[in-house]
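J.: These protein sequence lines map, in sequence, to chains A and B. Letter by letter, the first sequence follows residues 14 to 338 in the working numbering. Letter by letter, the second sequence follows residues 44 to 370 in the working numbering.
It is worth saying that the hints were derived from the structure and are not from the lab. Check each hint, because a few of them may be wrong.
Using 27 angstroms as the maximum straight-line C-alpha spacing, the simulated BS3-like pairs for lysine-lysine come out as follows [claimed, not checked]:
1. B/89 / A/148
2. A/253 / A/279
3. A/289 / A/25
4. B/246 / B/369
5. B/296 / B/224
6. B/262 / B/242
7. B/242 / B/296
8. B/89 / A/151
9. B/89 / A/181
What follows is the residue order along each chain.
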Amino acid sequence: MAKVKLTPELLKEIYYYMALSRALDDRMWILNRQGRAPVVYSANGHEATQVGAAMALNRGEDWIVPYYRDLAMVIAYGETPREVMLHLLGRADDPNSGGRQMPAHWGLKRRHIMTTGSVVATQDVHAAGLALASKVLKDGRVSLASFGEGSTSQGEFHEALNFASVHKLPVIFLNENNGYAISVPARKQMAIMDVAARAQGYGIPGVIVDGNDPIKVYEVTQEAAERARRGEGPTLIEAKTYRFVPHSSDDDDRAYRSREEVAEWKKRDPVITFEKRLIDEKVMTQDELKAMQQRIKDEVNDATDFAEKAPLPDPSTLGRYVYAE
Amino acid sequence: MAVMSYLEAIRETLRQELRRDSRIIIYGEDVGVRGGVFRVTEGLQKEFGEDRVIDSPLAEAAIVGTAIGAAINGLRPIPEIQFADFIFPAINQIVEEAARIRYRSNGEFGVPLVIRAPFGGGVHGALYHSQSVEAFFAHVPGLKVVIPGTPYDAKGLLASAVEDEDPVLYFEHKAAYRSLKGEVPEERYLIPIGKADLKRSGKDVSIITYGLMVSYALKAAETLEKEGISVEILDLRSIRPLDVEMILDTARKTGKVLVVHEDNLTGGVGGEISALIAEHALFDLDAPIRRLAGPDVPAMPYSPPLEHAFMITSDKITEAARDLAKF
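Looking at chain A on its own, in the form it has when it is part of the complex (with noise of 0.2 angstroms):
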């Protein structure tokens, strides 16, 4: 196991990135019932594994590659409360997509977090291509692709693993399995128990870890990193986690599992079990703990007044960037 400093600032950090997710995340919901944002797909319940493996890697310098659960890995990279925002609302300003994106469709060159569009296990291959650039210009860069278990029934996400295992390249494949995809369940998904089995067809390591823990996704993730960084190739991690909120904001999460099953994972909501734990080790005081709280809202308060007063797209955009210009 790598050794791990885990100091109180990252700690605070760690749980800084879940809160304001999760604040971002109910912001969002309020938002589209309302009326003022079209559509919503949340990080709520995943907030543990994203931040973990975000706070993991050379943030910035090495490459993310999101898909639509990540909005807690994407603000632990570096995408601002306001850049979600404006993301959500299909502002001009976007740095996404400039409006043109669903939301939840991540993109940020300034602080390598890919382009990602919405066909699953697409993703997979493009980690294992920037990793393959990285072997190739020696670049140090490890790139980390992120997926739910739904997606592992499609071909590109086994091309990825293979690809990337036979060229031993710096990556990590980052299942975020909440037992769901969309309605169907895991074990209609596939006749095994745990992604991670996956692994051993590409001789690579497959860890099974709590993704209800940041540090245990923490210490997983950074010893996958460094072992890509090694020469090594890559790690196949499976954050074990639920998701507390329908797909969607269209969708009806009743009508597919029940209320008891909801409840007892919230019983180990992350966001709420991380904060217990932070106060009883001692790492914040109330205070602290109040004071962070506070400047979540602020912040999430900021974004959405920000964003809904920032200009739309001009529809003469249209037609720009098909090509470069």
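Given chain A, put chain B in place with the hints provided.
T.: Chain B in isolation, oriented as in the chain A frame:
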């Protein structure tokens, strides 16, 4: 100036580009040790090493998808799809990803990528080693599609494709590899993507075509010249973007247009060219636009009589142009 085959022109251009820019890598199935099933990349791995000329796993979506990632992280990949017929497992990566990345990121990300693929029939390749697939990609904004018809153009178009900041599909006709020869300068030169080339000047009939069909059309023009029919030949060279100006110029000049391609008729490039002429130059025409194209069957059959019946030949072009001249 050296005389080279179409294949040699492509290989020497790849060599020249690999020497010029250390960011360029080549990879695909069998491109390394074997030098490609057609030998286009022969000797390149020996000269440039296994890091830059890579034998990849047999998986087209991964070949193109990793090339996208590699391009974004600073390389200039030239992946090869072994046969154009095998490009469809990668169509998601080409159409949904490579073509859309600049647009969906509002210009922040770009994918400088050249996908090479041998295409076309007449080589006993049957259904899955003979297809012309260009129309599928010509439909997609964000992609560029080039198809050289001579060794000279093969070099200049490939160098331009490598310099381009956007994804370019570079289709090479298999039957042209060794049958077409021509003078190719040693020094590097660029042929702009989107510029057609007047391969022959004439006054009675215009043949608009590309790829291997250019040489077939030139042969037809020689035959028809003896009959007193003067044929103009416009080689498109790029299928997307099309050189609309030159298409309309030749249509207006002769008033009779024959569009020729090996790809099947319906939904082919010929339909787009015909529509452009009908929209912009209808009253300059002296005859209906004529299309000569592969038949609307799913793909090219194997047995020689069936394959021959499918293929466009110089004789078929001669006949169609002659009919049009008489109109």
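J.: Does each hint hold? Answer for all of them.
T.: Structure-based check of all given hints:
1. Using a Cα cut-off of 27 angstroms, the hinted pair residue 89 of chain B and residue 148 of chain A holds, with the two alpha carbons roughly 19 angstroms apart.
2. At most 27 angstroms may separate the alpha-carbon atoms for a hinted pair to count; residue 253 of chain A and residue 279 of chain A meet this at roughly 14 angstroms.
3. As the CA atoms of residue 289 of chain A and residue 25 of chain A are separated by approximately 12 angstroms, the hinted pair is consistent with the 27 angstroms bound.
4. For the hint pairing residue 246 of chain B with residue 369 of chain B, the CA-to-CA distance comes to about 13 angstroms; that is within 27 angstroms, so the pair holds.
5. A distance of roughly 30 angstroms separates the Cα atoms of residue 296 of chain B and residue 224 of chain B; the hinted pair therefore is violated under the 27 angstroms criterion.
6. Among the hinted pairs, residue 262 of chain B with residue 242 of chain B is consistent with the structure: their alpha-carbon atoms are about 12 angstroms apart, no more than 27 angstroms.
7. In summary, the hint linking residue 242 of chain B to residue 296 of chain B is supported, as the alpha carbons are separated by about 15 angstroms, within the 27 angstroms threshold.
8. Taken as a hint, the residue 89 of chain B and residue 151 of chain A pair is honoured in the structure, with Cα atoms around 21 angstroms apart against an allowance of 27 angstroms.
9. Straight-line distance between C-alpha atoms of residue 89 of chain B and residue 181 of chain A comes to about 21 angstroms, which keeps the hinted pair within the 27 angstroms bound.
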